[in-house]
Every structure is written in structure tokens, then in C-alpha cells.
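Residues 5 to 99 (the numbering used here) are what the sequence shown spells out, left to right.
The set of hints was computed from the structure by calculation and includes no laboratory data. All the given hints hold, so there is nothing to weed out.
DEER-style ranges, computed between Cβ atoms: (1) D65 - L30: 35 to 43 angstroms; (2) A56 - W98: 41 to 49 angstroms; (3) G64 - E42: 44 to 52 angstroms; (4) V66 - L33: 38 to 46 angstroms; (5) R87 - G63: 27 to 35 angstroms; (6) A61 - V94: 39 to 47 angstroms; (7) R87 - A40: 16 to 24 angstroms; (8) G63 - W98: 50 to 58 angstroms; (9) D65 - V97: 47 to 55 angstroms; (10) G64 - T26: 37 to 45 angstroms; (11) Q75 - V97: 33 to 41 angstroms; (12) D44 - P99: 15 to 23 angstroms; (13) R36 - G73: 34 to 42 angstroms.
Small disclaimer: the values here were computed from a predicted structure and weren't measured. In this text, a Cβ means the ideal position worked out from N, Cα and C, and glycines have one as well.
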Amino acid sequence: YRLLGRRWTPELAPHAHVFLFTPDALRGLTQRGGFAVEADGAFQLALERPWALAARALGGDVRGAAWRGLQELGNVYARLIRRGPMQYVVGRVWP
Numbered sequence: 005y006r007l008l009g010r011r012w013t014p015e016l017a018p019h020a021h022v023f024l025f026t027p028d029a030l031r032g033l034t035q036r037g038g039f040a041v042e043a044d045g046a047f048q049l050a051l052e053r054p055w056a057l058a059a060r061a062l063g064g065d066v067r068g069a070a071w072r073g074l075q076e077l078g079n080v081y082a083r084l085i086r087r088g089p090m091q092y093v094v095g096r097v098w099p
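From just these sequences and the hints, can you work out the full model?
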């Protein structure tokens, strides 16, 4: 909290619910549970509009706009590598 201050969000609560799984690990766990993997991927967050970031900076919140801009670069990278904040695997029971 000290680092992010008022930009802290409930999603950033490592002590509560942050788990790190790779797509391979999720597929493996699904298969070990007796399911056939039908699909996998990641849900992506909507990207911030560049003019909204500019308006935020021009409104005086330059640090906030810069922080959000860096987050957006991470979101773009996540899209390129087909990963994101919410990974999923769809499985079905073996026939």
C-alpha cells in the first residue's frame, strides 16, 4: 500500500488471493483432475484510451497518468503473448 498509495486496488492483495499459474500448469491440473482440455486462454482487460490518459495528465495527475500508461504497456504485452490477468481452462469429462 505504501508504494501505490491511493492507486491501490482490491485486486492487488497478495496476502489474500494472488496465485500464479502458467497456462501449461492450468492445463496439466485440468488433465490430472480427469478432464479433457477443450480450450484455454486469457481474458483481457479493456485498454485505456490514449486521450483519457492525456486528459488525466493535463488535469494535473501526471504521476497517475504515467502509472496507468505503464500498466497499459503491460496489457498490450499480455495480449501479444496471449496471457492476461485472468487465465482460464475449459475442460470436459472424458467420454
